[in-house]
Amino acid sequence: MAYTILIVDDSKTIRAILTKTLRLTGIPINAIHEAGNGQEALDCLHADWIDLVLTDLNMPVMTGIELINAMVGDDLLKDIPVVVISTDGSSTRIEELKAKGIREYIQKPFTPEAIGAVIETVLGVTHE
Amino acid sequence: MSEKNERAILAEVVARVFQQTAFLFPEPAESPAGISAAEGKVYEISLTFSGDREGDVSLVMTEALCRELAANVLGEDPTDDDTLEKALDAAKETLNIIAGQYLIEMFGNKALFNLTAPQVAEVTPEQAAGDRTDRVCSLVEGHPVFATAAMRAGAYEHTRTGR
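Chains A and B supply the protein sequences, listed in that same order. Its first residue numbered 1, the first sequence is counted upward by one per residue in the numbering used here. Its first residue numbered 1, the second sequence is counted upward by one per residue in the numbering used here.
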């Protein structure tokens, strides 16, 4: 199975790094979509089949927390796994987001190895 | 916490983030009078934070350093075709990470903050010099970097007495 992944970050730099990292992980990828904020992400989620969302928190227009709240309240989107990748290292914030159902939380700066390991776990990818 | 300690923490975080994200190694520098016009364009990248404390964090860097930062972060050789947008985007993301780490170092990982999206403004060498005594000065690959973190006193008093 090849996966379709949505990267949500207002930084083109981070989106480029994550795209490059995903291509290097060896995870079978069908497509990688990009969104610059939560609203663009919701538009993409309603238009395409997405297997995994990687999202930042602090973004203009619609934040990552607002995106997660919208997904949790939408029957079509609530089961899509979400991994948050943010500069925010507050344990209070992480607990709050895990209570909302996010699967993992990665603090920036990240290593490609950390991203790969987390995504493999969340998607249940195994290497034979 | 004394202002000296706050500046030492900021200097440490700036150095660590440049190393971790871009493999660049800032060296502490005496506060220079400013940035020479020969350095080219200079940008101030800033964001504000609110929550358990309120304030702002900023970096002042030359365009040349922003371009070097972007090339290192993306793992690419800098080319003349690289856009200024890409360079400033890398600088904004670097500031984001610095702010996140600085706030944890200062207030612990239980504290909650909301950061605004970083803003960029071109400044003149005279503006870059400014009159702030609270900034941390470094040299990165020969380019000056000024970092500043400021708390709003009112907000600090409010949270200190109100919690």
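It should be emphasised that the hints constitute simulated quantities derived from the structure, not laboratory data. Among the hints, a few may not be true.
[To be verified] Result set (DSSO-like, lysine-lysine): computed pairs, CA atoms no more than 27 angstroms apart in a straight line:
#: 1; chain 1: A; residue 1: Lys100; chain 2: A; residue 2: Lys78
#: 2; chain 1: A; residue 1: Lys100; chain 2: B; residue 2: Lys41
#: 3; chain 1: A; residue 1: Lys98; chain 2: B; residue 2: Lys110
#: 4; chain 1: A; residue 1: Lys78; chain 2: B; residue 2: Lys41
On a predicted model such as this, the values are computed, not experimentally measured, just so you know.
- Query: Does B/Lys41 lie within 27 angstroms of A/Lys78 when you go C-alpha to C-alpha?
  - Reply: Distance of about 47 angstroms is beyond 27 angstroms: violated.
- Restraint status (C-alpha distance of A/Lys100 to B/Lys41 at most 27 angstroms): violated (45 angstroms)
- Keeping to a limit of 27 angstroms between CA atoms, is the pair of A/Lys98 and B/Lys110 held or broken? Answer holds: A/Lys98 to B/Lys110 is near 15 angstroms, not above 27 angstroms.
- A/Lys100 paired with A/Lys78 [C-alpha distance capped at 27 angstroms]: Holds, at about 10 angstroms.
Violated hints, listed in ascending order, are 2 and 4; each of the other numbered hints is respected by the structure.
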